[in-house]
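First to last, the protein sequences are chains F and P.
First residue of the first sequence: 232, per the working numbering; consecutive thereafter.
First residue of the second sequence: 40, per the working numbering; consecutive thereafter.
Any given hint could turn out to be false.
Claimed, not checked - Distance windows between CB atoms, simulated:
1) F:Q353 to P:A409: 32 to 38 Å
2) P:E77 to F:R495: 56 to 62 Å
3) F:D635 to P:A409: 48 to 54 Å
4) P:A87 to F:Q353: 57 to 63 Å
5) P:R642 to F:Q353: 48 to 54 Å
6) P:K450 to F:E345: 43 to 49 Å
7) P:L395 to F:D594: 39 to 45 Å
8) P:G193 to F:E345: 16 to 22 Å
9) F:R495 to P:E725: 56 to 62 Å
10) P:S365 to F:R669: 42 to 48 Å
Stated by the list, open to error - Distance condition first, Cα-Cα at most 30 Å in a straight line; then the derived DSBU-like pairs of lysine-lysine:
11) P:K640 to P:K398
12) F:K288 to P:K413
13) F:K673 to F:K551
14) P:K413 to P:K301
15) F:K483 to P:K398
16) P:K123 to P:K238
17) F:K288 to P:K398
18) F:K288 to P:K640
19) P:K466 to F:K551
20) P:K421 to F:K288
21) P:K123 to P:K240
22) P:K466 to F:K483
Said to hold, decoys possible - Far from chain F, some chain P residues (derived; all Cβ distances over 10 Å):
23) D75
24) G88
25) G138
26) D423
Please keep in mind that the hints were generated in silico from the structure rather than gathered at the bench.
Fair warning: this is a prediction, and the values are worked out from it, not measured in the lab.
Note that CB positions come from ideal geometry on N, CA and C, so glycine has one too.
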Amino acid sequence: MTEAAKPVSRPASRRGVGRRTSITAVKPRTSASSAAQKRPVYLVDGARTPFIRARGKPGPFTPVDLAVQCGRPLLARQPMAPEDFDLVILGCVNVIADEMNPARVAALRLGMGEAMRAFTVQINCGSGMQSIDTGFRLIEGGEAELILAGGSEALSHAPLVLSRKAAGWFGQFATARTAWERAASLGGFRPEMIKPVIGLERGLTDPLTDLSMGQTAEIIGHAFGITREQADAYALESHQRLARAQNEGHLKGEVIASVTPDGRLYDHDDGVRPDTSMDKLAKLKPAFEKPHGRVTPGNSSQITDGASWVILASEEAVEKYGLQPMARIVDSEWAALDPSVMGLGPTLCCTALMKRRGLVRDDIDLWEINEAFSAQVLACLAAWEDEEYCSEILGLDAPFGALDRERLNVDGGAISLGHPVGASGNRIVLHLANAMRRLGHKQGMATECIGGGQGGAMLLEVV
Amino acid sequence: MEVSGRIWQVLERRNMELGPEGEPTRALTHWRYTSDDEGIVWLLLDRAGESANSISEEVLDELHTVLDDLRNLSVRGLVIRSAKKSGFAAGADLRDFRGIADAGEVEKRMRRAHEIVDRLANLAMPTVAVIHGYCLGAGFELALACRHRIAVRGASFGFPEVLLGLHPGLGGTFRLTSLIDPVEAMTMMLTGRSAHTAKAKALGIVDDVVEERHVANAVRAAIDRKLRRGGGGLKAGVLALGPARRMAASRMRTEAEKSAPKKHYPAPYRLIDLWEEHGGDARAMQKAEIRSFSQLLVSQTAQNLIRVFFLREQLKGLGKGRSGISRVHVIGAGTMGGDIAAWCAARGLSVTLTDLDPKALALAVGRASAFYAKRLHSSLDKRDALDRLMPDFEGVGVEKADLVIEAVAEKAEVKRRVYEAVVPRMKPDAILATNTSSIPLEVLREGLPFPGRFLGLHFFNPVTRMELVEIVSHEGVADDTLMRARAFCGDISRLPLPVRSAPGFLVNRALTPYLVEAFTLFDEGIPKEEIDRAARDFGMPMGPIELADRIGLDICLEVARMLKERLSDPMPDIPPWLVQKVESGATGRKAGRGLYAYDEKGRPRKEEVKVSEGAEAPRADPEMTDRLILPMLNILVRLLRENIVEDPEQADAAMIFGTGFAPFRGGPLHYARSRGIDNIVSRLRELEKRHGARFAPDEGWEGLKSSDHVPVATLP
Chain F
232 MTEAAKPVSR PASRRGVGRR TSITAVKPRT SASSAAQKRP VYLVDGARTP
282 FIRARGKPGP FTPVDLAVQC GRPLLARQPM APEDFDLVIL GCVNVIADEM
332 NPARVAALRL GMGEAMRAFT VQINCGSGMQ SIDTGFRLIE GGEAELILAG
382 GSEALSHAPL VLSRKAAGWF GQFATARTAW ERAASLGGFR PEMIKPVIGL
432 ERGLTDPLTD LSMGQTAEII GHAFGITREQ ADAYALESHQ RLARAQNEGH
482 LKGEVIASVT PDGRLYDHDD GVRPDTSMDK LAKLKPAFEK PHGRVTPGNS
532 SQITDGASWV ILASEEAVEK YGLQPMARIV DSEWAALDPS VMGLGPTLCC
582 TALMKRRGLV RDDIDLWEIN EAFSAQVLAC LAAWEDEEYC SEILGLDAPF
632 GALDRERLNV DGGAISLGHP VGASGNRIVL HLANAMRRLG HKQGMATECI
682 GGGQGGAMLL EVV
Chain P
40 MEVSGRIWQV LERRNMELGP EGEPTRALTH WRYTSDDEGI VWLLLDRAGE
90 SANSISEEVL DELHTVLDDL RNLSVRGLVI RSAKKSGFAA GADLRDFRGI
140 ADAGEVEKRM RRAHEIVDRL ANLAMPTVAV IHGYCLGAGF ELALACRHRI
190 AVRGASFGFP EVLLGLHPGL GGTFRLTSLI DPVEAMTMML TGRSAHTAKA
240 KALGIVDDVV EERHVANAVR AAIDRKLRRG GGGLKAGVLA LGPARRMAAS
290 RMRTEAEKSA PKKHYPAPYR LIDLWEEHGG DARAMQKAEI RSFSQLLVSQ
340 TAQNLIRVFF LREQLKGLGK GRSGISRVHV IGAGTMGGDI AAWCAARGLS
390 VTLTDLDPKA LALAVGRASA FYAKRLHSSL DKRDALDRLM PDFEGVGVEK
440 ADLVIEAVAE KAEVKRRVYE AVVPRMKPDA ILATNTSSIP LEVLREGLPF
490 PGRFLGLHFF NPVTRMELVE IVSHEGVADD TLMRARAFCG DISRLPLPVR
540 SAPGFLVNRA LTPYLVEAFT LFDEGIPKEE IDRAARDFGM PMGPIELADR
590 IGLDICLEVA RMLKERLSDP MPDIPPWLVQ KVESGATGRK AGRGLYAYDE
640 KGRPRKEEVK VSEGAEAPRA DPEMTDRLIL PMLNILVRLL RENIVEDPEQ
690 ADAAMIFGTG FAPFRGGPLH YARSRGIDNI VSRLRELEKR HGARFAPDEG
740 WEGLKSSDHV PVATLP
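Generate coordinates for the entire structure from the input sequences, incorporating the hints supplied.
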C-alpha cells in the first residue's frame with residue numbers, strides 16, 4: 232500500500248468555501264524508499280462491460296455477473312490459463328447480500344480455480360483504482376507476478392442507494408428516455424421526479440458532513456466560480472466525445488458486449504445522448520440545491536451498472552507467457568481532504584505524485600479525470616490555475632497551469648457513460664492506456680475524486 | 040462453477056457411511072454385511088465386476104441366504120445400502136430378460152423373486168434402506184420392501200420399466216400405490232419419470248432426507264423408532280374405493296394414449312387395468328402383477344425395446360475412453376451451433392460460441408438459458424452452465440479449444456474460409472470438426488494442414504433431444520482423432536455412431552427417400568395429414584411431412600439435391616413446389632410455415648392438429664406405409680453393403696436415436712427381419728412394378744438374410 236500523504240489541517244479560509252471546509256495541504260512523500268528494488272509492473276490487457284444505465288428496476292446483472300461478463304472474454308483472449316493468476320482484487324462499493332466478497336465469487340465463476348485468492352476493496356469512487364494500486368504494489372514488491380484487478384458496481388441493485396421513491400423516479404425517468412426530451416421541453420421535471428435523486432443521496436451522502444456529493448460539487452463550483460453554463464457546456468462535450476469514440480470504434484476491444492440470460496445484447500454505453508444540446512441541458516432543474524444551484528442531472532455523472540478489469544503482470548510474467556504490455560504503471564498516489572470539498576481530491580494527489588517524480592504539467596500527455604460532476608472537474612482545473620490555491624494548498628511556487636482540454640477525457644467520461652462507482656477508477660486507467668496508445672502519447676495520468684474526501688491518481692507510461 | 044476439488048478428492052473417501060469398518064461378518068459375491076456393537080446389521084450391495092448395481096437373480100438368491108443368516112443372529116435392525124458410488128441400484132439386470140419367450144417360465148422365476156422380497160418386507164425388526172444416487176426399477180422395489188427409506192440428498196427414484204414395454208414386476212405396483220398417493224404412484228410408473236430427492240420426500244417415498252455425513256445418526260433414529268413414516272394420506276383412502284379408481288383409471292388411459300398408443304405400447308394399459316381391478320388389495324395385485332409382467336416380458340414390444348436398450352449400451356460403449364476435451368469452440372450460432380454449444384456447457388464443458396452477428400450470439404444464449412431453466416435442477420446449475428457458455432464476440436476461444444466445431448452455412452466456400460482463418464490459431468493437438476450434413480468431408484478436407492485431426496461430428500436437430508451423433512471419418516483421419524471424438528460424445532451423454540464419409544452419411548441418406556416419397560404421395564393428391572398418420576400408425580413419433588417441416592424444408596431440399604447429384608440412389612424427383620416453398624421463405628417450423636402452419640411457439644396451429652391427429656380417421660393404407668418405410672430399409676441395406684456403417688445393429692440404433700424410428704419395432708432392419716426378408720423383397724418388387732425403379736430391391740438383401748449378424752437381443 233502506498234503511504235498516504237499526511238494531511239495537515241488548516242483553518243478554514245478563503246473565498247466562501249464554507250465554514251466546514253478545511254483543505255489539506257500536500258506534503259510530498261519523504262520515504263525515498265528503496266526504489267532500486269522495485270520491479271516494473273505492466274498493464275497487459277483489460278476489458279469492461281458496456282456501462283448500462285439504471286432504468287428504474289434492478290438491471291440485468293449483479294456486480295459479479297458484470298465482472299463475469301467482461302472477465303470471461305478478457306481471460307479467454309490471454310495466452311495463459313485462468314488458473315495462472317496469483318490473485319484477484321475487485322473494487323465494489325455496494326456489495327449485494329448474495330455475493331459477499333464479490334472478488335472471490337467472480338474468480339470462481341470465471342473458472343480461475345478453487346485455489347485462487349481473491350479479496351474485495353472498497354474506497355468508494357476509488358475502489359476500481361485501489362484494486363489496481365494494491366496489485367501494482369504487490370507485484371512491484373515481488374509478492375506476485377500476475378494479478379487480475381477490477382471494479383464492479385450494479386447501482387441499480389443497490390437498495391441503499393435507491394430509496395423506494397427513487398426507484399419510482401428512475402422508472403419514469405427511464406421509460407421517458409425517448410420521451411425525455413419531450414418531458415424536458417414541456418417545462419422540465421416536476422419536483423417529485425427530482426426528489427428521488429435526494430433519495431440517492433443517502434448512499435451518496437457524506438456521513439460526517441451530511442452533504443450529498445452533488446452539494447460538494449456545488450461548494451467547490453462556487454468557490455472557483457464555475458457557472459451553470461460552463462458546467463452544461465462541459466457535459467455536452469462529454470456526450471459528444473463519447474458518441475464520437477463509439478462511432479469511430481475507439482472503444483473496440485475495451486468494451487465487450489454483455490448478454491443477459493434471456494438473450495438481450497448490451498453492446499454500448501447506453502447513457503450517451505449524442506443529440507443533447509445546450510438548450511436541452513439548460514431546461515433541467517438543479518438536482519441538489521434548488522432552485523439556484525448549478526448541478527443538474529444533465530451535468531452530473533449517471534447512475535449506471537458496469538464492470539472493468541485489467542491484467543497486471545511482472546516482467547517475468549510478461550516473458551513467461553509472451554504478453555504484450557500496453558503500459559507500465561509508473562506510480563500512484565492517494566490523498567485525503569475535507570469531505571465537503573472532496574471534489575478537489577485530484578489536485579492534491581496528482582500534484583503530490585508529480586512533485587515526487589519531478590514532473591511538470593506538460594510532461595503529462597493525456598489526462599483522465601473522472602467526471603463525478605461537471606462543476607467538480609472544472610473546479611479542479613480552475614484550482615490548478617488559481618495562484619492562491621496552488622501556493623497555499625499545493626505548495627507550488629507558481630500555478631500549476633491550465634490543462635489542454637484536448638488532452639483531457641478525450642473520449643468522454645462519467646457524465647456521458649455513467650459512473651458505476653466501484654468500476655470507474657478501473658475504467659479510467661484502462662481507457663487512459665488505450666487512448667494513449669491510439670493517439671501516440673507517452674505519459675498519462677488517471678485520477679478521481681473520492682466520496683468521503685479522498686483522491687487517487689495513477690501515472691502510466693506507454694511501452 | 041469449475042472447481043478442481045483437489046482437497047475433496049482426498050477427503051471424499053471418508054464421506055460415505057458404510058457401517059462398521061473392518062472385516063465384514065460375511066461376504067458373498069454381491070452382498071456383504073457387518074454387525075455393529077449396537078446389533079445393527081449393515082448389509083451392502085456391491086455387485087462383483089460391475090460399476091453400478093443391478094438386481095439379478097443371483098443378487099436375490101444371495102439376499103435369501105443373508106435373510107437366513109439373520110435368523111441366527113441377534114439383530115436389532117437391518118440397514119441396506121449400496122457400496123457403489125453411482126447409486127443404490129439401476130434396476131433389474133436386463134441380461135436376465137433377454138431373448139425370453141416362455142411366459143410360464145418367467146412367471147415361475149418371478150414368483151420365487153417375490154418370495155425373497157416378501158421375506159425382507161415381513162421381517163419383524165426395523166429395516167432401513169439408505170439410498171444415494173439412482174434408485175430405479177427393481178432396486179426401488181427392494182427399497183420399497185424396507186420399512187424406512189432414508190435418502191441422501193441427490194437420490195432419485197423411478198420406475199423406467201414402461202420405457203421397456205413393461206411395468207414394475209417385483210412388487211412395485213402394489214407397494215408404491217399403497218405407500219403414497221396412488222395417482223402419483225401410477226403417474227410415476229406410467230411415465231417412467233424419476234422423482235428427485237425433494238419430490239420423493241414430498242410424495243412420501245422417503246421418510247427422511249439427510250446429507251451423507253448424517254446417515255449413521257439417521258439410521259439409528261429410524262431403528263430406535265424415532266423416525267415417523269410418511270404416508271399416502273386421505274386420497275389413498277378414497278381411491279381404495281372401486282368407483283373412484285375407475286374414474287381415475289379412465290383419465291389415465293386418455294392421458295397415456297397421447298404419448299403411447301395402445302396398439303404399439305400395451306404396458307401402460309395393463310398397468311392401469313391392474314390397479315383398477317386390484318388397487319387396495321395387495322395380495323391380489325401382487326398375483327396379477329406377476330402374471331401381467333411375465334406376459335409383457337415375452338412380448339415383441341418388450342423384447343424389441345430391451346433390444347433398443349442394449350443398442351444404446353452398445354453405442355455408449357463406443358463413447359468410453361478419454362477425449363482430452365474440456366474446452367470447445369463452436370463457430371456459427373444458428374440453431375445447430377447454438378444448441379450444440381448450449382448442450383456441451385450443460386454437460387460441464389467450457390464453451391466459446393462465436394458468430395459474426397452479435398445478435399445471433401445473444402439469441403443463442405437466450406435459447407440456452409430457456410433450456411437450462413427447464414432441464415437443470417437448480418438455479419446454481421443454471422448459472423454455472425451459463426457461465427461456462429461464453430458468447431465469443433472476438434472469436435478468441437479457438438486458441439484454447441481442444442475441439443473446434445464448425446456449424447456455419449452449408450456452403451463449401453464459406454466453410455473453407457472459416458477453416459483458413461481458424462486453423463492457424465488452433466492448438467497443435469486440437470480437433471477440427473464440421474457439423475455438415477451434406478458436404479463430403481473429402482471436399483472440405485482439401486488444403487487442411489492436418490487432415491488427420493479433421494472429421495465430421497454430425498448432430499441432429501433438436502440437439503438437446505436427439506441422442507445420436509454421427510462420427511464421420513474419411514481416408515485421412517487419424518484413429519486417435521476418431522477415438523477422442525467418440526469419447527467426447529460419451530462425455531456429453533450423446534451416442535456416437537461411426538460412419539464413413541459418403542453423401543448424407545447414414546441417417547440423412549436413409550431418411551431422404553422417406554421424406555421425398557412423402558412429397559411424392561402429397562403430389563399424388565393424398566392429404567399431408569393422411570401421409571403423416573400412416574407413418575404414425577406405423578409407430579413413428581411424427582409423420583414425414585411434419586418431420587420435414589421440423590428439419591427445415593431448405594435443408595431437406597439441399598440434402599435431397601446433393602444426394603441426387605452425387606449418388607445413384609434411386610429416388611423420386613424433387614417436386615418443383617418444394618423449391619418454390621423454400622424460395623418464398625416457407626422453410627418449415629422455424630419460419631412459422633412450411634407444409635403446415637405454426638404458431639409463435641413452433642406448435643402446429645390448432646386447426647392443423649385437429650386434422651392430423653384425429654383419432655376417428657380411417658386406418659392408413661398399408662401400401663402407403665410400405666411406400667414410405669421400405670425405401671428407407673432398402674437404402675440401409677445398401678449402406679451396409681457399402682460399409683458406410685459397420686453392422687445392422689448400428690444402423691438400427693442410428694435410425695432410432697437419430698430419427699426416432701419406431702423404437703418398439705427394434706429398428707428398421709430388425710423390423711425387416713421380423714417381417715421376413717423375402718416378404719420385404721417381394722413387396723419391393725411389386726412397388727417397383729407399380730411406381731418405378733426407385734423401389735428396386737438392393738442386392739444386399741440376400742446377404743442380410745444369411746447374415747452373420749445376430750440380433751443383439753438374443754446375444755448371450
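Status of the hints after comparison with the structure:
no.: 1; hint: F:Q353 to P:A409: 32 to 38 Å; in the structure: holds (36 Å)
no.: 2; hint: P:E77 to F:R495: 56 to 62 Å; in the structure: holds (60 Å)
no.: 3; hint: F:D635 to P:A409: 48 to 54 Å; in the structure: holds (52 Å)
no.: 4; hint: P:A87 to F:Q353: 57 to 63 Å; in the structure: holds (59 Å)
no.: 5; hint: P:R642 to F:Q353: 48 to 54 Å; in the structure: holds (51 Å)
no.: 6; hint: P:K450 to F:E345: 43 to 49 Å; in the structure: holds (45 Å)
no.: 7; hint: P:L395 to F:D594: 39 to 45 Å; in the structure: holds (44 Å)
no.: 8; hint: P:G193 to F:E345: 16 to 22 Å; in the structure: holds (21 Å)
no.: 9; hint: F:R495 to P:E725: 56 to 62 Å; in the structure: holds (59 Å)
no.: 10; hint: P:S365 to F:R669: 42 to 48 Å; in the structure: violated (37 Å)
no.: 11; hint: P:K640 to P:K398; in the structure: holds (20 Å)
no.: 12; hint: F:K288 to P:K413; in the structure: holds (26 Å)
no.: 13; hint: F:K673 to F:K551; in the structure: holds (26 Å)
no.: 14; hint: P:K413 to P:K301; in the structure: holds (29 Å)
no.: 15; hint: F:K483 to P:K398; in the structure: holds (17 Å)
no.: 16; hint: P:K123 to P:K238; in the structure: holds (23 Å)
no.: 17; hint: F:K288 to P:K398; in the structure: holds (24 Å)
no.: 18; hint: F:K288 to P:K640; in the structure: holds (28 Å)
no.: 19; hint: P:K466 to F:K551; in the structure: holds (18 Å)
no.: 20; hint: P:K421 to F:K288; in the structure: holds (23 Å)
no.: 21; hint: P:K123 to P:K240; in the structure: holds (23 Å)
no.: 22; hint: P:K466 to F:K483; in the structure: holds (26 Å)
no.: 23; hint: D75; in the structure: holds (36 Å)
no.: 24; hint: G88; in the structure: holds (35 Å)
no.: 25; hint: G138; in the structure: holds (49 Å)
no.: 26; hint: D423; in the structure: violated (8 Å)
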